[in-house]
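Asker: Here is what each chain is made of, one letter per residue.
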Amino acid sequence: MLAEVGRLALFTRDAVLRGLMPPWYFRQVWDQILRIGYFSLPVVGLTAFFTGGALALQIYIGGTRYNAENLVSQIVALGITRELGPVMAGLMVTGRVAAAIAAELGTMRVTEQIDALTTLSTNPFKYLVGPRIVAAVLTMPILVGIADIIGILGGYIVGTTSLGFNSAAYIKNTTDFVEFTDVTSGLIKAAVFGFIIALMGCYHGFNSKGGAQGVGRATTNAVVSGSILILAANYVLTSLLFEK
Amino acid sequence: MAEPHIVLDNVHKSFGSKHVLRGVNVGVGKGRSLAIIGGSGTGKSVTLKCILGLLQPDSGSIRIGGEEIIGLKGEARDRMLARFGMLFQGAALFDSLNVWRNVAFGLMQGERKMKAREANAIAIDKMAQVGLGPELANANPADLSGGMRKRVGLARAIAPEPEIIFFDEPTTGLDPIMGDVINNLIVDCTRRLGATTITITHDMASARKIADDIAMIYKGKIVWHGPANEIDCSNNAYVEQFIHGREEGPIQVDL
Ligand SMILES: Nc1ncnc2c1ncn2[C@@H]1O[C@H](COP(=O)(O)OP(=O)(O)OP(=O)(O)O)[C@@H](O)[C@H]1O
Ligand SMILES: [Mg+2]
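Residue numbers (this note's numbering), protein chains in the order written: chain A, 1 to 244; chain B, 1001 to 1255.
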């Protein structure tokens, strides 16, 4: 366990110090932005939509106990931008992207493609790890920004169709209430989660051994450790960002 | 006499409690080709990976042209690696890239940074040298047969015209005719480049064809080293057993 933490720390250092230094492989970065960001849009959008809808319903039902059902729009907006948007998007992207990265790099490891890169004068940290980290850190905030909008929209649709809120009032309540920092705090979280996702995928992929089974194990480990680290980081970030 | 081009001096390497290389001593003269023979799991691939710095030896010295290369870092290591080409045991083609981009990879990366158009022309030329037509340039490596993959790997290894080339079991898993084709390609390519080469093989026909010298490795040590044409009168019990493929002899097979 301790040895594992040490290995991860060394890997992180290499990933940052070597992976993010020139030469930069812009083509690789662009490919990864498409793969990590663009193709995650449907998953993240759907997740946010249903989460927003369910949240509105819950708050309304729970709120009736205290005559607080009018707070639906505000609480949905807060919950989505501060917590659920980044966390749900982070977890969904972990399932999709960290797994894909671990499987791809793991296969490259066991078929000696990573060794082959080195013999062809290409540092695998710069060619494989760096672009994935950059792409994930850049695209996660964008994904979460979109998730925020769609999540609030989900709440709005449930609120105005089945809970009987007035459409204009719902929108006004939301826009009056949400502050700039509610959104930015979520986007900061998203960037950190992006780093975790790419790092976990690369780390487990790079260290996989033992053929197809080893790659399978790397994929599972990437998703499990990525998800747990995201939830842990979320707690730490929440306390750092919101505790005065 | 000057030191040989590649020198391994008492190289040791263990994985955990498994002592794989136990003091490998071998040298290859400039422009010469050495074949390393030996049973499965005796440390042949590990030896090459130690020279390439893909694995870090525990002790000993590895020198290229007199320069110690163990522990080289950063730019010095990059410069050293640029002198090598390697054909991996399983070809190790990049399956995210098509055939010509695989072949041209070493040209477009690293020091050279060749433009795609120029690199493409060279790649097509190198593919022709290993008997692959230009119609395969845009094929996906995953769609090729084993023999074709080996040839793409070979073209990729020689494309940057390195001064040292390693071939890890170039003919294993190929039919005898394709094996001979590959052997001839290796001989041709290395003659043309004047490269120093090390070839790992189980295949005696291949070793005789490719090599000037042959070294036999057993249990992590070189047990015989001599000119290829003396392999049949080596008077070495290990070599005799290996080239005749007998079960009885000093080499014990762990079952
Ligand atoms: N990265 C590694 N980690 C642990 N053990 C390893 C590693 N690489 C090789 N070994 C072990 O070292 C020994 C020698 O391996 P090597 O690949 O050099 O064999 P080889 O002589 O090339 O055999 P073959 O002819 O079958 O390819 C094997 O027992 C192998 O299990
Ligand atoms: Mg081998």
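To be clear, the hints were calculated from the coordinates, so they are not data collected in a lab.
One should not assume that every hint holds.
[To be verified] Quick list of in silico lysine to any residue cross-link-like pairs, SDA-like style, CA-CA up to 25 Å: (1) K1018/B x R18/A; (2) K1073/B x R7/A; (3) K1073/B x A212/A; (4) K172/A x K1219/B; (5) K1073/B x N207/A; (6) K1115/B x N207/A; (7) K1018/B x R7/A; (8) K1219/B x G210/A; (9) K172/A x A1082/B; (10) K1115/B x A3/A; (11) K209/A x L1054/B; (12) K209/A x K1115/B; (13) K1018/B x V29/A; (14) K1018/B x A3/A.
[Said to hold, decoys possible] Partner residues aside, some chain B positions facing chain A, computed with beta carbon under 7 Å: (15) S1017; (16) M1080; (17) F1084; (18) C1233; (19) A1237.
Note that CB positions come from ideal geometry on N, CA and C, so glycine has one too.
Asker: Determine for every hint whether it applies to the structure shown.
Answerer: For each hint, the structure was consulted:
1. For the given pair, K1018/B sits about 31 Å from R18/A by alpha-carbon distance, which is inconsistent with the 25 Å threshold.
2. In summary, the hint linking K1073/B to R7/A is supported, as the alpha carbons are separated by about 19 Å, within the 25 Å threshold.
3. At most 25 Å may separate the alpha-carbon atoms for a hinted pair to count; K1073/B and A212/A exceed this at roughly 32 Å.
4. This hinted pair does not check out: K172/A and K1219/B have alpha carbons roughly 79 Å apart, beyond 25 Å.
5. Under the criterion of a C-alpha separation no larger than 25 Å, the hint pairing K1073/B with N207/A is consistent with the structure, at around 21 Å.
6. Distance restraint check for K1115/B and N207/A: the Cα-Cα separation of roughly 33 Å exceeds the 25 Å cut-off, and the hinted pair is therefore not satisfied.
7. At most 25 Å may separate the alpha-carbon atoms for a hinted pair to count; K1018/B and R7/A meet this at roughly 21 Å.
8. Between K1219/B and G210/A the alpha-carbon distance is near 23 Å, which keeps this suggested pair within the 25 Å criterion.
9. This hinted pair does not check out: K172/A and A1082/B have alpha carbons roughly 64 Å apart, beyond 25 Å.
10. This hinted pair does not check out: K1115/B and A3/A have alpha carbons roughly 44 Å apart, beyond 25 Å.
11. About 15 Å separates the Cα atoms of K209/A and L1054/B, which keeps this hinted pair within 25 Å; it holds.
12. With a CA separation close to 35 Å, the supplied pair K209/A and K1115/B exceeds the 25 Å bound.
13. Distance restraint check for K1018/B and V29/A: the Cα-Cα separation of roughly 40 Å exceeds the 25 Å cut-off, and the hinted pair is therefore not satisfied.
14. Distance check on the hinted pair: K1018/B and A3/A sit about 20 Å apart at the alpha-carbon level, within 25 Å; holds.
15. Because the beta carbon of S1017/B sits about 16 Å from the nearest beta carbon in chain A, more than 7 Å, this interface hint is broken.
16. Interface restraint check for M1080/B: the shortest CB-CB distance to chain A comes to about 10 Å, outside 7 Å, so the restraint is violated.
17. Here the hint on F1084/B is kept, as its CB sits about 6 Å from the closest CB of chain A, short of 7 Å.
18. A hinted interface residue such as C1233/B counts as satisfied when its beta carbon comes closer than 7 Å to some beta carbon of chain A; here the least separation is about 37 Å, so the hint is violated.
19. Proximity of A1237/B to chain A is violated relative to the hint, the smallest CB-CB distance being about 34 Å (cut-off 7 Å).
The earlier numbered hints that this structure contradicts are 1, 3, 4, 6, 9, 10, 12, 13, 15, 16, 18, 19.
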